[in-house]
Amino acid sequence: MSFNNLDQLYRQVIMDHYKNPRNKGQLDVEDKLTIDMNNPTCGDRIQLHLQVEDNKIVDAKFTGEGCSISLSSASMMTEAVKGLSVDKALHMSELFSEMIQGNDYEEEDLDFGDIQALQGVSKFPARIKCATLAWKAMEKGIKGNQ
Amino acid sequence: MSISAIRSQFPILDQEVNGHPLVYLDSAATSQKPIAVIEAMDRYYREYNSNIHRGVHTLGTRATDAFEGAREKIRAFIGAKSSKEIIYTRGTTAALNLVAHSYARAKLTEGDEIVITPMEHHANLIPWQQAAKATGATLKYIPLQEDGTIQLEAVRETVTDRTKIVAIAHVSNVLGTINPVKEIADIAHDNGAIIVVDGAQSTPHMKVDVQDLNADFFAFSGHKMSGPTGIGVLYGKQSLLENMEPLETGGEMIDFVDYYDSTWKELPWKFEAGTMPIAESVGLAAAIDFLQDIGLDAIHQHETALATYALERLETIEGIQIYGPRDRVGLVTFNLGDVHPHDVATVLDAEGIAVRAGHHCAQPLMKWLGVSSTARASFYLYNTTDEIDALVEGLKKTKEYFSDVL
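Heads up: the protein sequence lines correspond to chains C and Z, in order.
Note that my numbering has the first sequence beginning at 1, numbered continuously upward.
Note that my numbering has the second sequence beginning at 1, numbered continuously upward.
Hints are supplied without guarantee of correctness; some may be wrong.
As the list claims (entries may be wrong) - Calculated pairs, SDA-like style, for lysine to any residue (alpha carbon to alpha carbon, straight line, at most 20 Å):
#1 C:123 to Z:143
#2 Z:367 to C:36
#3 C:19 to Z:372
Don't read these hints as lab results, they were simulated from the structure.
As the structure is a computational prediction, the values presented were derived from the model and not from experiment.
The whole structure should be built from the sequences, with the hints applied where relevant.
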């Protein structure tokens with residue numbers, strides 16, 4: 001492993017999400033799902049707010065503390081799932097899990113956009129849990145609501 | 001022994017990681033093993049593997065002699081009065097849990113107090129939380145000074161005549177401080193309490209004498225002192241152990257078993273149910289020989305010198321935050337500006353440098369420090385100043401790497 005591999009891990013787009021997180025903050029609506037999730041091995045934690053109406057994620061915001069990978073992944077996840085039906089969001093989470101483990105996956109009709117930049121994480125097994133934290137929170141919120 | 005001679009005894013150190021020579025700075029998590037330990041365990045499996053205390057056959061006798069011989073070696077190593085006071089466990093965690101169950105839960109009632117500190121490893125914290133919940137006892141904390149040290153005045157103010165147990169780390173796994181355990185033991189005893197010492201981070205690095213410390217219980221692990229995983233020790237004063245019920249029951253720990261009742265063996269075996277880690281006891285004995293050949297005082301001096309050097313060098317890095325007092329054992333816990341410790345550890349790993357990042361199983365201490373996690377470099381007898389230089393260079397690269405985002 002060299003700094004080239006590190007460059008694959010810390011892609012510019014990831015650092016951009018880390019530095020300028022999208023959807024950071026609290027959702028200011030009454031009817032929302034609040035999910036607290038932490039990574040017990042490292043202490044990273046995230047609080048995710050989801051606004052779900054008619055089985056659709058209308059809005060998503062997060063707060064939390066963690067490393068560049070976990071926070072940028074949270075930023076990207078909130079961007080990606082906004083506007084998706086809950087089923088699509090859960091399916092996307094499955095695909096994300098495949099991608100992050102270095103397995104083949106099909107984007108299908110989902111827009112992975114910036115998320116693809118996280119592919120490099122698959123070469124750093126110790127950091128996979130960082131990348132999946134926000135997605136696990138989203139899954140937990142939706143499944144708990146079903 | 002010269003440092004290169006010591007390093008040559010640890011085959012794992014001679015390798016490249018990610019294209020760089022391995023710099024192993026995570027010995028507080030687990031230490032590396034010298035050839036003597038690896039070969040002793042290999043020999044056991046090749047030549048006299050057998051169950052202990054039951055076979056009449058020759059191999060069984062050899063294995064039993066090795067297992068009990070190791071116990072005697074451990075007794076001498078920590079200065080216990082009798083090998084009856086040396087209980088084999090799975091590790092420090094299991095040893096502390098044994099005390100929290102077999103001693104605390106049996107003796108404590110509502111209104112009693114258990115006193116610990118905010119710097120405890122979860123292994124010396126959660127067992128007491130659980131014991132307090134189960135018995136109605138109150139869990140109290142000795143407040144720390146600003147630099148993370150403990151003042152005896154604070155101990156005197158926290159420990160009362162209702163305190164039954166004081167449980168404390170001999171050395172902090174995050175701050176690297178050596179706590180004044182002997183003086184704290186006096187305060188505990190003056191108040192009619194016992195003292196339980198978590199020796200996981202002290203026993204590998206300095207001379208320990210449990211009688212001099214006047215510890216009632218003292219726990220440590222094999223794998224942090226160049227021995228194998230899966231074995232640890234609970235030392236307990238004989239008078240206390242005699243009056244405790246076993247936590248685990250089953251094979252080997254019995255005196256006589258009938259349909260509805262059973263009796264236990266005498267100490268130390270009444271606490272050792274099931275087949276014990278025999279190969280590991282052989283490995284631990286070899287580790288003790290190895291450490292004593294070099295000398296615990298020499299090891300301690302080497303590591304304190306490394307810590308002093310590391311502090312001097314690390315402090316030259318702008319934006320670094322170092323936790324804990326100057327006076328410390330061989331470990332340094334730090335944060336590099338706003339770069340998350342995970343990211344620090346990943347960049348260092350790309351340079352072949354292994355450090356720990358996270359909460360170090362001390363979340364209440366992280367809360368006290370006002371951080372969610374930290375990075376930690378910890379040293380052992382085989383580390384060198386060159387490796388600390390590599391760490392400093394690695395951290396400078398980390399800063400550069402993250403400079404445009406932070």
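So, going through the hints one by one against the coordinates:
1. C:123 to Z:143: 43 Å, violated
2. Z:367 to C:36: 18 Å, holds
3. C:19 to Z:372: 19 Å, holds
Hint violations for this structure: number 1 only, all remaining hints satisfied.
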